[in-house]
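Protein chains in written order, with the working numbering: chain A, 1 to 100; chain B, 101 to 331.
Hints listed in this document are in silico derivations from the structure and should not be mistaken for laboratory results.
Hints are not guaranteed to be accurate.
Subject to a maximum C-alpha distance of 27 angstroms in a straight line, what follows is the list of computed DSS-like cross-link-like pairs (lysine-lysine) [said to hold, decoys possible]:
no.	chain 1	residue 1	chain 2	residue 2
1	B	LYS328	B	LYS195
2	B	LYS220	B	LYS328
3	A	LYS39	B	LYS328
4	B	LYS109	B	LYS284
5	A	LYS2	B	LYS195
6	B	LYS284	A	LYS39
7	B	LYS109	B	LYS195
8	A	LYS39	B	LYS109
9	A	LYS39	B	LYS195
If you anchor each label on the Cβ, the simulated ranges turn out as follows [stated by the list, open to error]:
no.	chain 1	residue 1	chain 2	residue 2	range
10	B	LEU147	A	PHE99	37 to 45 angstroms
11	B	SER231	A	ILE74	34 to 42 angstroms
12	A	LYS2	B	PRO225	47 to 55 angstroms
The beta-carbon is built from N, C-alpha and C at its ideal position, and this holds for glycine as well.
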Amino acid sequence: MKVIPIILGMALVTYLPRLLPAIFLDQFHFPAWFEKWLKSIPYAALGALIFPGVMLVKEDQPLIGLFGGGVAFILSLLNLHITLVMAGSILAVYLLQTFL
Amino acid sequence: MKNSPTWIKGIQSGLPIALGYFPIALAFGALAGQAQLNWSEATLMSLIVFAGASQFVSVSMLLAGAGAAQIITTTLFLNLRHLIMSLAVNNQIRKFSPGWKAFLSFFITDETFALLTLGKDSGQPDLRTPSYMTGLMITAYLGWVSGTMLGGLGAGFIPLEITTAMTVGLYGLFIGLLVPPARKSLCLALIALVSMLLNWILVQLVKQGWAIVIAIILAAGLGVFLLKEEV
Numbered sequence: 001m002k003v004i005p006i007i008l009g010m011a012l013v014t015y016l017p018r019l020l021p022a023i024f025l026d027q028f029h030f031p032a033w034f035e036k037w038l039k040s041i042p043y044a045a046l047g048a049l050i051f052p053g054v055m056l057v058k059e060d061q062p063l064i065g066l067f068g069g070g071v072a073f074i075l076s077l078l079n080l081h082i083t084l085v086m087a088g089s090i091l092a093v094y095l096l097q098t099f100l
Numbered sequence: 101m102k103n104s105p106t107w108i109k110g111i112q113s114g115l116p117i118a119l120g121y122f123p124i125a126l127a128f129g130a131l132a133g134q135a136q137l138n139w140s141e142a143t144l145m146s147l148i149v150f151a152g153a154s155q156f157v158s159v160s161m162l163l164a165g166a167g168a169a170q171i172i173t174t175t176l177f178l179n180l181r182h183l184i185m186s187l188a189v190n191n192q193i194r195k196f197s198p199g200w201k202a203f204l205s206f207f208i209t210d211e212t213f214a215l216l217t218l219g220k221d222s223g224q225p226d227l228r229t230p231s232y233m234t235g236l237m238i239t240a241y242l243g244w245v246s247g248t249m250l251g252g253l254g255a256g257f258i259p260l261e262i263t264t265a266m267t268v269g270l271y272g273l274f275i276g277l278l279v280p281p282a283r284k285s286l287c288l289a290l291i292a293l294v295s296m297l298l299n300w301i302l303v304q305l306v307k308q309g310w311a312i313v314i315a316i317i318l319a320a321g322l323g324v325f326l327l328k329e330e331v
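All chains should be modelled from the sequences, with the hints used to inform the complete structure.
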């Protein structure tokens with residue numbers, strides 16, 4: 001099958017970036033500023049993962065994704081469990097699509 | 101459930117991801133079929149690549165007649181962000197053996213990274229164990245792989261409205277993880293907002309995959325100046 005080599009190549013180039021820090025991180029002891037950078041990564045990453053991607057949930061209708069994201073935002077402010085935040089945003093977008 | 105073993109807690113933490121992945125993987129399996137991948141090839145891809153967005157892109161590139169080099173290069177750039185996420189995760193698990201680190205790093209995705217670094221268990225050092233992380237990772241992985249297999253076999257036809265709605269669910273996961281800490285700290289909220297803005301500008305300027313990498317590196321750099329030592 002001609003796709004097998006493609007899949008193997010994809011696997012390799014996907015695993016390498018994931019693996020490199022596992023191999024090399026040990027050999028470094030980071031200065032304080034670098035530790036702060038590392039600790040900031042989750043917040044920066046989640047920000048960039050959320051926006052503008054959330055507008056592409058339905059590609060031609062950015063408002064649908066924004067609406068779902070808005071519902072998730074409000075539910076998170078209520079300190080609900082993460083599963084409920086997910087379920088609430090899913091339900092909201094499903095209902096919006098069904099009744100619009 | 102307070103005294104359950106850590107791997108069970110890992111499974112519990114991974115379940116929302118698995119449930120979020122499953123319907124999207126079903127859609128991926130079905131789409132892969134349209135690009136002449138049989139169910140075993142689609143499943144193989146999910147088994148050894150395990151990176152959703154790039155898998156969808158590769159299938160649409162196959163449909164468009166792209167060559168191997170083009171698809172593999174695009175995959176590399178799309179998944180470069182995992183390098184930064186893996187840095188953050190591996191910095192938390194320095195005490196693990198090299199074998200565990202290499203094994204667990206395979207499963208770093210946007211979602212598992214988000215849950216490991218910002219989930220409600222992430223602040224508990226006694227849960228930072230190989231068994232907890234394996235439980236979480238394998239649960240998420242099985243959601244993705246089993247969904248792909250069933251979708252490839254044509255078992256799970258899911259209407260587009262439901263797939264769209266389920267995609268929002270993963271954004272709900274990110275938002276639900278980000279909002280609580282961002283609420284407590286203006287600095288953290290600012291880092292996230294700047295990152296959103298940078299990414300929004302950069303996606304219009306640079307190639308797919310790079311925007312998010314640059315946005316994360318720069319916005320996290322803000323933390324160097326904003327965060328106090330003990331954060």
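Each hint, compared with the structure:
no.	hint	verdict
1	LYS328/B / LYS195/B	24 angstroms, holds
2	LYS220/B / LYS328/B	21 angstroms, holds
3	LYS39/A / LYS328/B	11 angstroms, holds
4	LYS109/B / LYS284/B	26 angstroms, holds
5	LYS2/A / LYS195/B	42 angstroms, violated
6	LYS284/B / LYS39/A	16 angstroms, holds
7	LYS109/B / LYS195/B	20 angstroms, holds
8	LYS39/A / LYS109/B	24 angstroms, holds
9	LYS39/A / LYS195/B	17 angstroms, holds
10	LEU147/B / PHE99/A: 37 to 45 angstroms	39 angstroms, holds
11	SER231/B / ILE74/A: 34 to 42 angstroms	36 angstroms, holds
12	LYS2/A / PRO225/B: 47 to 55 angstroms	48 angstroms, holds
Violated hint: 5 only; the structure is consistent with all others.
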